[in-house]
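If you read the sequences in order, they're chains A and B.
The opening position of the first sequence corresponds to residue 1 in my numbering, with each subsequent residue numbered one higher.
The opening position of the second sequence corresponds to residue 1 in my numbering, with each subsequent residue numbered one higher.
Calculated cross-link-like contacts (lysine-lysine; reagent style DSS-like; alpha-carbon spacing at most 27 Å):
1. A:15 with A:2
2. B:31 with B:7
3. B:89 with A:38
4. A:2 with B:7
5. B:31 with B:17
6. B:7 with B:17
7. B:89 with A:2
8. A:2 with B:8
9. B:73 with A:15
10. A:2 with B:73
11. A:15 with B:89
12. B:54 with B:17
13. B:7 with B:54
14. B:134 with A:38
15. B:134 with A:15
16. B:89 with B:134
17. B:73 with B:7
18. A:15 with A:38
19. B:73 with B:8
20. B:8 with B:54
21. A:38 with A:2
22. B:54 with A:2
23. B:73 with B:17
24. B:31 with B:8
25. B:54 with B:73
26. B:73 with B:31
27. B:54 with B:134
28. B:54 with B:31
29. B:31 with B:134
30. B:89 with B:54
Worth flagging that the hints you see were computed from the coordinates, not collected in a lab.
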Amino acid sequence: MKRDLMDILACPMCKGDLELTVEEENDEIITGTLYCAKCDERYPIEDGIPNLLPPDLRE
Amino acid sequence: MIGYGNKKIWVLPGVYKPAEDSFLMVEAVLKELRPSDRVLEIGAGSGIVSAFIKDRASVIAIDISPCAVKCAKLNGIDVIRADLFDGIKGRFDLIVFNPPYLPSGEKIGDWLDFAWDGGEDGQATINRFLRQVKDCLTENGRFLLLVSSLSGVDAIMERMTSLGFIVEELLSERYFFERLVVLRGRMKE
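Isolated chain A (complex conformation) (with noise of 0.2 Å):
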């Protein structure tokens, strides 16, 4: 994912902020973690695809 999504990224819970950490980038983000301080809850980012099914959903 490009970084600028993080613009319209939300909590699917609480819709709060996350905060973003890479693991690989290249000329975009591959791998890394959205994470919601509020919901203590992570995201992942996998082949590029950010992931904000809550926890039950998510596969």
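Given chain A, work out where chain B should sit, using these hints.
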């Protein structure tokens, strides 16, 4: 892979293969789109509609299916895996949704069910969308919603009106067993 217009679109296993409804939505979007629009596509599937938008405006796509988001990404679309608007904030000038609209029947038991199963009356996901879309539109924002005679066009138009939207039929086409309509909704001035 399928071809439509000047595009070749990859369709991975488990992803809705673009059909008449997808093509009607492409035509409707091309009619409606302004270059300055910031666009959001919900339920993007293979990403075919976003692929056409991308040539003319900025677009972000969302889908709930892991197969669909991989496929849309492969087709060059910026994509998020989420349930409708749940993973996003902010407002868009144009929101596009070709929803699962068929009344529930026998489920296949995989992610493709999410592409067509609209609940008992075919309107469950559409109703969830309509309740949330207002909060994601800019002041003069519009949304395009594809509906079928199989799930009841009039009922959905009435619901949109009761939620305060100005509703118009942007495009429609009759097929063997259904009529497909792209509705345009926008807020009253």
